[in-house]
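Just need the whole structure built from these sequences, with the hints factored in.
Position one of the sequence shown corresponds to residue 1 (this note's numbering), numbered consecutively onward.
Derived from the structure by calculation, the hints contain no laboratory data.
As the structure is a computational prediction, the values presented were derived from the model and not from experiment.
Even for Gly, the Cβ is constructed at its ideal location relative to N, Cα and C.
Treat the hints with care, since some could be wrong.
Once the Cα atoms are required to be at most 27 Å apart in a straight line, the calculated DSS-like pairs of lysine-lysine come out as [claimed, not checked]:
id, residue 1, residue 2
1, Lys18, Lys88
2, Lys69, Lys18
3, Lys69, Lys105
4, Lys97, Lys45
5, Lys105, Lys45
6, Lys18, Lys105
7, Lys105, Lys88
8, Lys97, Lys18
9, Lys69, Lys45
10, Lys88, Lys45
11, Lys18, Lys45
Per label pair, the in silico range of CB-to-CB distance [what the hints assert, rightly or not]:
id, residue 1, residue 2, range
12, Gly37, Gly84, 15 to 23 Å
13, Asp15, Gly64, 17 to 25 Å
14, Glu77, Lys18, 15 to 23 Å
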Amino acid sequence: MENMTMTSHVDTCFDCAKACEECATACIEAGDTDSKGHDMTACIKLCRDCADICTLCGRLTARGSQFMKSFMTVCAEACEACAGECEKHASHFAHCKACAEACRKCAEECRQMAA
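Shown next as structure tokens:
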């Protein structure tokens, strides 16, 4: 992988982690339920897991780890799961919409880079 692509991927991973952390925090601050009374627990859990996985994926990529491609597959799976959950709430929570978009972008990039 060329350095510029790796640098861009690191940024994508960290941007996704940030969006996930912001989404989880906003969901917690909203009282763990959305405006329709839906339980936001799954969203919070997936966002927290995804943020940690994206952070590690970005770090492994930044240092050119021998495990980075394998981990990109795991990262893509986590991002897809998080995006799917956040999309359920995206129509009434901007933070869920932003998180879902960041997760979809990261998942796609991880799959391309792991191939």
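Hint check:
| no. | hint | in the structure |
| --- | --- | --- |
| 1 | Lys18 - Lys88 | 20 Å, holds |
| 2 | Lys69 - Lys18 | 21 Å, holds |
| 3 | Lys69 - Lys105 | 17 Å, holds |
| 4 | Lys97 - Lys45 | 16 Å, holds |
| 5 | Lys105 - Lys45 | 20 Å, holds |
| 6 | Lys18 - Lys105 | 13 Å, holds |
| 7 | Lys105 - Lys88 | 17 Å, holds |
| 8 | Lys97 - Lys18 | 14 Å, holds |
| 9 | Lys69 - Lys45 | 25 Å, holds |
| 10 | Lys88 - Lys45 | 15 Å, holds |
| 11 | Lys18 - Lys45 | 15 Å, holds |
| 12 | Gly37 - Gly84: 15 to 23 Å | 20 Å, holds |
| 13 | Asp15 - Gly64: 17 to 25 Å | 20 Å, holds |
| 14 | Glu77 - Lys18: 15 to 23 Å | 20 Å, holds |
Against the hints set out earlier in the document, no violation occurs for any number.
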